[in-house]
Amino acid sequence: MKNRLKVLRAERDWTQADLANKLDVSRQTINSIEKDKYDPSLPLAFKIARLFEQPIESIFIEKEA
Amino acid sequence: MSELTASTSQQKQMKKSVTFVASTFIWIALMTFIDKGILYGWFTSDLQINLLIAFDTMLGIVVIFMFIKLLKAMDELQRKIQFDALAFSMGATIVSSITYSLLTTAQIVKDSETSDIILIMTVCYMASVIYGQVKYR
Chain Y
193 MKNRLKVLRA ERDWTQADLA NKLDVSRQTI NSIEKDKYDP SLPLAFKIAR LFEQPIESIF
253 IEKEA
Chain X
208 MSELTASTSQ QKQMKKSVTF VASTFIWIAL MTFIDKGILY GWFTSDLQIN LLIAFDTMLG
268 IVVIFMFIKL LKAMDELQRK IQFDALAFSM GATIVSSITY SLLTTAQIVK DSETSDIILI
328 MTVCYMASVI YGQVKYR
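Each protein sequence line maps, in turn, to chains Y and X.
193 is the number of the first residue of the first sequence in our numbering; add one for each residue after it.
208 is the number of the first residue of the second sequence in our numbering; add one for each residue after it.
Calculated directly from the structure, the hints in this document are not laboratory data.
Check each hint, because a few of them may be wrong.
[Claimed, not checked] Cross-link-like lysine-lysine pairs, in silico, DSS-like; alpha carbons within 25 Å at most:
id, chain 1, residue 1, chain 2, residue 2
1, X, 223, Y, 194
2, X, 287, Y, 194
3, Y, 214, X, 243
[As the list claims (entries may be wrong)] Here are the computed distance ranges between Cβ atoms for each label pair:
id, chain 1, residue 1, chain 2, residue 2, range
4, Y, 249, X, 340, 45 to 55 Å
5, X, 218, Y, 241, 21 to 31 Å
6, X, 303, Y, 203, 16 to 26 Å
7, Y, 207, X, 274, 29 to 39 Å
8, X, 260, Y, 234, 45 to 55 Å
9, X, 278, Y, 247, 28 to 38 Å
10, Y, 241, X, 340, 26 to 36 Å
11, X, 275, Y, 241, 25 to 35 Å
12, X, 260, Y, 255, 30 to 40 Å
13, Y, 253, X, 286, 18 to 28 Å
14, X, 260, Y, 202, 44 to 54 Å
15, X, 341, Y, 206, 23 to 33 Å
We put the beta carbon where it would ideally sit given N, CA and C, even for glycine.
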């Protein structure tokens, strides 16, 4: 799964630590999601979508099979 | 407000981690004390030994529940790293125990010791947690 988390975060001038605090997760989690090493759970994905006020599918893009 | 909540929850997780490590240390230290005490005859009666063993076992059970609480307090990536490590260490322990048992039956090695199995489990768990931390850093 690809995502636009890094772009959205950069647009708001937030650091990984800022975003981690807002989402109540570790900075390591944000870094791993941004680098596509880890796919977040559905509740966390919804939390991210709510924070950026965007539909979930515009942030997380499924890789073509 | 949300930043305040986040930092509070991270502080809670840190507090639980410290309490868990401290309790584990006390449990292991007491276990070692009992073991050496029995070996070197530090205790005056069997009742003393039985009470200490019962207390240490209860402390061990408390440590198990503290670990479960700690896992629940972790964020989802940390929990995944811990679950992967637990799965790996459990698998490695089962495989090595069976291999050890077969080697003992074949009289290639001497009788297996419980401490060896605990050592294998601990080393596999620690190695897997470190691997996970490096992989997702």
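Here is how each hint holds up against the structure:
1. 223(X) / 194(Y): Roughly 34 Å separates the two Cα atoms, so the pair is violated.
2. 287(X) / 194(Y): holds (20 Å)
3. 214(Y) / 243(X): With a Cα-Cα distance of about 50 Å, the restraint between residue 214(Y) and residue 243(X) is violated, given a limit of 25 Å.
4. 249(Y) / 340(X): 45 to 55 Å: violated (31 Å)
5. 218(X) / 241(Y): 21 to 31 Å: holds (27 Å)
6. 303(X) / 203(Y): 16 to 26 Å: violated (51 Å)
7. 207(Y) / 274(X): 29 to 39 Å: Once the Cβ atoms are compared, 32 Å apart, the range 29 to 39 Å for residue 274(X) and residue 207(Y) holds.
8. 260(X) / 234(Y): 45 to 55 Å: At 46 Å between Cβs, range holds.
9. 278(X) / 247(Y): 28 to 38 Å: Taking Cβ atoms as reference, residue 278(X) and residue 247(Y) lie about 32 Å apart, which means the hint holds.
10. 241(Y) / 340(X): 26 to 36 Å: holds (28 Å)
11. 275(X) / 241(Y): 25 to 35 Å: At roughly 30 Å between Cβ atoms, residue 241(Y) and residue 275(X) fall inside 25 to 35 Å, so the hint holds.
12. 260(X) / 255(Y): 30 to 40 Å: violated (55 Å)
13. 253(Y) / 286(X): 18 to 28 Å: holds (25 Å)
14. 260(X) / 202(Y): 44 to 54 Å: violated (59 Å)
15. 341(X) / 206(Y): 23 to 33 Å: Distance hint for residue 341(X), residue 206(Y) holds at roughly 26 Å.
The structure fails hints 1, 3, 4, 6, 12, 14 (numbered hints given earlier, in ascending order).
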